[in-house]
Amino acid sequence: MSDLETLERTDLVPQPPSDRKFEAPESRARPDIAVSDKGGSMRRMRALIRKEMLQIIRDPSSLVVAVVLPLLLLFLFGFGVSFDVTKMRVGVVIENPNPETEMFLASLANTPFFQVRVAHDRRAFLDDLTASRIEGVVILAGDFTQRIGRGDTVGVQIITDGTDPNTASLVNAYVQGAWQTWLAQRALSSGLQAKALISTEPRVWFNPELESRRFLVPGSIALILMMIGSLLTALVVAREWERGTIEALLATPASVPEFLVGKVVPNFFLGLLAMAISVGFSIFVFDMPLRGSIFSLLAATTAFLLVALSAGLLISTVARTQFLASQIAMMASFLPGLFFSGFIFELSSMPAPLRAFSALVPARYFVKSLQTIFLAGDIASVLVPSILILSFMSVVVMALTWRNSKMRLD
Amino acid sequence: MPPKLIALIIKELLSAFHDPRTRIAFIVPPIMQVFLYAYAATLEVTNAPIGVYNEDWGQSSRQLISRFEKASAFSTITYFKSEKEIQPAIDSQGVLAVVRIPQDFSRKIAAREPVSVQVLLDGRKSNSAQILNSYINAIVANYAVDVVLGEERPDVSAVLDRSWFNPNREYRNTMVPSLVGTLTMTTVLMVMVMSVSRERELGTFEQLLVSPLQPLEIMIGKAVPGLIIGVALGTAITAIVTLVFGIPLTGSIFVLYAGLIVFTLAIIGVGLFISSLVSTQQQAMLGAMVYMMPAMMLSGFTSPVQNMPDWLQPVALLNPLTHFLVIVRGVFLRDMPMALVAERIWPMAVMAVFTLTAASWLFRRKLG
Amino acid sequence: MTGEEIAIVDKLTKRFTPDGTPALDAISFSIKSGQVTGVAGPDGAGKTTLMRLMAGLLVPTEGKLTVCGYDTIKDSIALHHAIGYMPQRFGLYEDLTVLENLTLYADLRGVVGKARTETFERLLAFTDLARFTSRLAGNLSGGMKQKLGLACAMLKSPRLLLLDEPSVGVDPISRRELWRMVLALTEDGVAVVWTTAYLDEAENCAEVIVLNNGALLYKGDPKAMTAHIGDRVFLVEGGGGERRTLLARALSRPEIIDGVLQGDAVRLVVKEDAPAPTAVELESAGRVTIAPAKPRFEDAFVAMLGGQPKRTLDLQAARQPASEGRAAVEAIDLTMKFGDFTAADHISFSIKRGEIFGLLGPNGAGKSTTFKMMCGLLRPTGGTARVDGYDLYRAPSAARGRLGYMAQKFSLYGDLSVRQNLDFFGGAYGLWGAKKRDAIDRVVAAFDLGPHLGVKAGTLPLGFKQRLALSCAILHNPPVLFLDEPTSGVDPITRREFWGYINSMIASGVTVMVTTHFMDEAEYCDRVALIYRGKSIAIDTPDALQASVRTPALPNPTLEDAFIALIEAQDRREAA
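Residue numbers (the working numbering), protein chains in the order written: chain W, 2 to 411; chain Y, 5 to 372; chain B, 213 to 788.
These are calculated hints, taken from the structure and not from any lab test. Just so it is clear, the structure is predicted and the values come from calculations on it, not from any experiment. All C-beta atoms in this analysis are idealised placements derived from N, C-alpha and C, irrespective of residue type, glycine included. Watch out, some of these pointers could steer you wrong.
As the list claims (entries may be wrong) - Ranges of calculated distance between the beta carbons of each label pair, as one might list FRET restraints:
1. W/GLU202 - Y/GLU174: 29 to 35 Å
2. B/GLY350 - Y/TRP315: 40 to 46 Å
3. W/VAL319 - Y/THR246: 47 to 53 Å
4. Y/GLY207 - B/ARG591: 54 to 60 Å
5. Y/THR246 - B/GLN620: 48 to 54 Å
6. B/LYS549 - W/ARG59: 35 to 41 Å
7. Y/TRP350 - W/ALA277: 43 to 49 Å
8. W/VAL319 - B/GLY350: 55 to 61 Å
9. B/THR547 - Y/GLY207: 22 to 28 Å
Unchecked claim - The calculated lysine-lysine pairs, modelled on DSS-like cross-linking and capped at a C-alpha distance of 30 Å, are:
10. B/LYS223 - B/LYS435
11. B/LYS286 - W/LYS407
12. B/LYS564 - B/LYS549
13. B/LYS483 - B/LYS435
14. B/LYS223 - B/LYS244
15. B/LYS286 - B/LYS431
16. W/LYS407 - B/LYS223
17. B/LYS549 - B/LYS435
18. W/LYS407 - B/LYS276
Please build the complete structure, drawing on both the sequences and the hints.
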């Protein structure tokens, strides 16, 4: 029960002003409203950038996204995904063991990438192949020796597991290779001419070791940066909505471009940090060479980061909760990046409409640039168009975001 | 089943599906991924641009080149007129490989002397390069065989190569069924992980705690809907795979379901464990992602477990998805009998028991 | 210039959906500078929408709005230079320190150089935050956050200051300080618009605007509005333990449009031109005295909104068995330690059957901790908690089955329909089959939820959410009800409705425990425990507490005065 009397009695609260006389208001009450506040724009942007950086430093989640996530993902992609069949478990069926078959078996077993088990019946390895315990079965037919002598075909049969076509092709290629080598050795030792008429001499440029990791890592970095870039900005704006801080900000003189710059700049540096960590990790742990220059790396990264960051901002104009924002960011960057950037799956083999779509995926240009910078060097014919296209994309996305953003609640 | 549990289960299912946006999120991304994987996920090399630098003037080289032209693996063939053109073409990735035929090619062929053709490959795309190399090799070898055919018996015995299981070696047949595992995992994990943390943030979790419901009952009430969702989704994707893409299920569907149920239980355990560990929805989502990424990458989904370094392989074996993918691919493509499938089921069952127990222990501890 | 019209609103309409009801319907008024204009109204009346429109954050659907001479949409940048705005959630960055928050807003508003240093000094002194400049805003108490929010809004000495519910959830001491700051501003000619759900604050304003359902009901001097019902307010004293039945009976009469409990007395408001109520009419058993009382703004407000909704709650079937003499709820030496910090220190009380007991105290005092321990949500480090004779931590299922719980902000499943919520809570408490059906039918009839069974709980208006939450809490017929801040921030109409339900439940034998920091709510309780810094420093009836601090200087203390006095006494004791 608070009467007016109660209020008036308390010293803390002065009388309601309705019957007080007022002095002429000081200039403080009606200040100069500098509507065209020169230098104000820079000051406001700096203030917003500073606020954002303080928040980043004090809130660990942004750092987790920029530091822990790339390391985790690189680790997974670098070690977990590999197309190099390093150890092939092969079952060899020798129906009639004899010195010839022993020699062939020995040459197979001595090859570093074969792990060989022997049996005498074709059916022995059926279960193993079905249960995925071996990659292939080599069958040396009963009359192996006679067939060889006759120059007959089909002395050797290889059965692969077609469930993994890639491995099946590679297993096949390696067994063929082992077979050719053995034939050549055998021919030399018995004086027979068994050299192939035409042989091919492969020369691999840029990745002579043909390590699949060498080509996967640049793609992984591109994918990681795309996800982190859009996740960072999408999250920070959604966070402002969820915490309610955006309402007070909207009522200040800050304008849309000032707001957007305030979000992009600090997260740009965070993205660069993530990139530096990724590149460092790749070079020191994965032994990736860096044949191009740091300058081109920086240029490509800048162009790409701007696209990723502005994509995140665009997402944040539609998603006002952190949950929704991160879902959309992940879907929009991970899936297209995985499929359409040329990172794992070969673009030229896809149906034409999908190939056309991939031209819109920014990661595609960054993957190309990174693969070139790491493995080949500063090749302008690849880098310059890619960087230009990425810059153009970032301008377009930023413009869209600007158009979609209003300093209002509706 | 006591009425309390039934009430919980009904509530969970209603909560998960009431929102049309959530319903869309359950349907659209999985379907999109199924189609994407079916059409875009391929490691084959078709349509690759190559270049040819022919220093020979004879007939043999032209015959060989015409074979390249007829091959379907190559989209365009660029004919270089000088050596200087090769480097920029490869550098700019205008061509993926260059075949270089030496000057004395036709002469040596006529004299039945061995000759070698150089193949330059772009190692930036090492996987495609290797595959392309083997295509080119095959064409060259075929040409060589044809040259000597009829004159002498070929000295070289060929190696006959066949594939059991997926004999046409279509990538789609292996990629798409795998989605039964991955999509079920991602969906069930997300639902489970959000269930507790969403209730905590909304405040309804307190309401549950104040009621006579025991922590164990609350957990079962959340796990059963997850199981229902997982099995339903797995069934739907299997239906799409078999009916829309015509990939046959060579094995027994009951075997598949056995694996699916145990797998879903293991994932539910992981999801509930994460959910009881964290306090906000955002953390729950991060936790789910932190689990899902390694689970996807280290499961054999994109590349075989065999290719991973030795020290990483045990980690793959701790992942329920690894085992389930073997089951799925086995049942679809290899008519895997129950006896072999069981070898993969029991590790998942162990993991399910372990994670569910850990989750319920955490639940009870946090509720004190 | 004082008295100048700083904001002119002309037939302003705002619709959020093209064919729905408008949030604001063709309202017109003007705001004068040099005074505080209050905006009062029930929840959902359109107060926040109005503030956002004036701040240029929403686009008007129809009508004209001119603030500080600018069009709010076309000249929004210029407008933002001229106004200060404090939204409901303060707009503070929790990861930034006090000084960093101030610096940010100073930069954004262009307060630099010497002006900045002077302004900071002035504001920090004003808000008494000078000692906390390097503390993170997230670590400030509710009251301090509010003061900081206000300081940030005041940085550039705006011409118009818009404050959206600035005193919600803040303890009375901080609330008074906020008022002090704001009134000092008006002396400088600043116009202040202050939205509030606390009607006693409305009385402090020079002018008040009353909104209801988007329509403008009144604009003018609050004292005039109060005077308007001057002779229609009466106080019925001497009712004693009977006072709740007295109130219920009074409300059942058509000429009595409003009634609330006020300590041991009952306050009644009669219809226009109706005579004073007599003891005979009220059918009271004992001797009661009925005397005219000085009207409050709240009385006028409720009368203007049409009086209290009359609803009779039929809960006969839920009559509780007679007590066996044991206490309904007991807390014995409840202690909760978080590491070194003692949140609750040997708190003891005992609640009789049929009593309404309140836990009162500022935020962070330990009352929520105590409450959680009593509900079974937090295991105490020491002591016992008993509900209906059952120890909460030794026989948890039995104890929990005996209590009903209504959380702050209701915690219903917003995505599920009313019926689905009822079905679930019934099942969760072990009801099934015919028993569940009957229980649900009973509450649906009692709370008139029938027409809304298929509606999603989250879309219900506040009053209905309250009813649904209460129904879910009593489905299993518990003898004890625990309510966590049930009506904080809720408008007076809904609040009266709610307490009407509670009163009828008390009549059928239910025991209620309430936590609150809202003084008026404490008036509804039979007894109150004052919790401060983890200790219960006083347990008594509200009237007795008020009497205990009566001094010649303070002959008629309110509960708020008692609260402040007792806290200060405790501080002195601890300092000694």
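Right, here's what the structure says about each hint:
Against the hinted window of 29 to 35 Å, the Cβ-Cβ separation of W/GLU202 and Y/GLU174 comes to about 32 Å, which satisfies the hint. For B/GLY350 and Y/TRP315, the hinted distance range of 40 to 46 Å is satisfied, since their beta carbons lie about 43 Å from each other. Against the hinted window of 47 to 53 Å, the Cβ-Cβ separation of W/VAL319 and Y/THR246 comes to about 37 Å, which falls outside the hint. For Y/GLY207 paired with B/ARG591, a C-beta distance near 20 Å fails the hint of 54 to 60 Å.
Between Y/THR246 and B/GLN620 the beta carbons are some 52 Å apart, a value that agrees with the proposed interval 48 to 54 Å. Evaluation of the 35 to 41 Å hint for B/LYS549 and W/ARG59 yields a failure: the beta carbon distance comes to about 29 Å. Distance hint for Y/TRP350 and W/ALA277: a CB-CB separation of about 45 Å, consistent with the stated range 43 to 49 Å. Checked against the hint of 55 to 61 Å, the C-beta distance between W/VAL319 and B/GLY350 comes to roughly 28 Å, which is inconsistent with it.
Look at B/THR547 against Y/GLY207: about 26 Å separates their beta carbons, and that is inside 22 to 28 Å. Restraint check for B/LYS223 and B/LYS435: satisfied, since their Cα atoms lie roughly 26 Å apart, inside the 30 Å limit. For the proposed pair B/LYS286 and W/LYS407, the alpha carbon gap of about 13 Å is at most 30 Å, so the pair holds. Note on B/LYS564 and B/LYS549: the hinted pairing holds, with a Cα-Cα distance of about 28 Å set against a maximum of 30 Å.
Between B/LYS483 and B/LYS435, the direct Cα distance comes to roughly 19 Å. Compliance with the 30 Å bound is thereby established for this hinted pair. Our distance criterion of 30 Å between C-alpha atoms is met by B/LYS223 and B/LYS244, whose separation comes to about 18 Å. For the proposed pair B/LYS286 and B/LYS431, the alpha carbon gap of about 28 Å is at most 30 Å, so the pair holds. Proximity of W/LYS407 to B/LYS223 is assessed by CA-CA distance (about 25 Å); at most 30 Å being required, the pair is judged to hold.
The straight-line distance between the Cα atoms of B/LYS549 and B/LYS435 is roughly 49 Å, outside the 30 Å bound, and the hint therefore fails. Between W/LYS407 and B/LYS276 the CA atoms are separated by roughly 21 Å; this keeps the pair inside 30 Å, and the hint holds.
Violated hints, in rising order: 3, 4, 6, 8, 17; the structure is consistent with all others.
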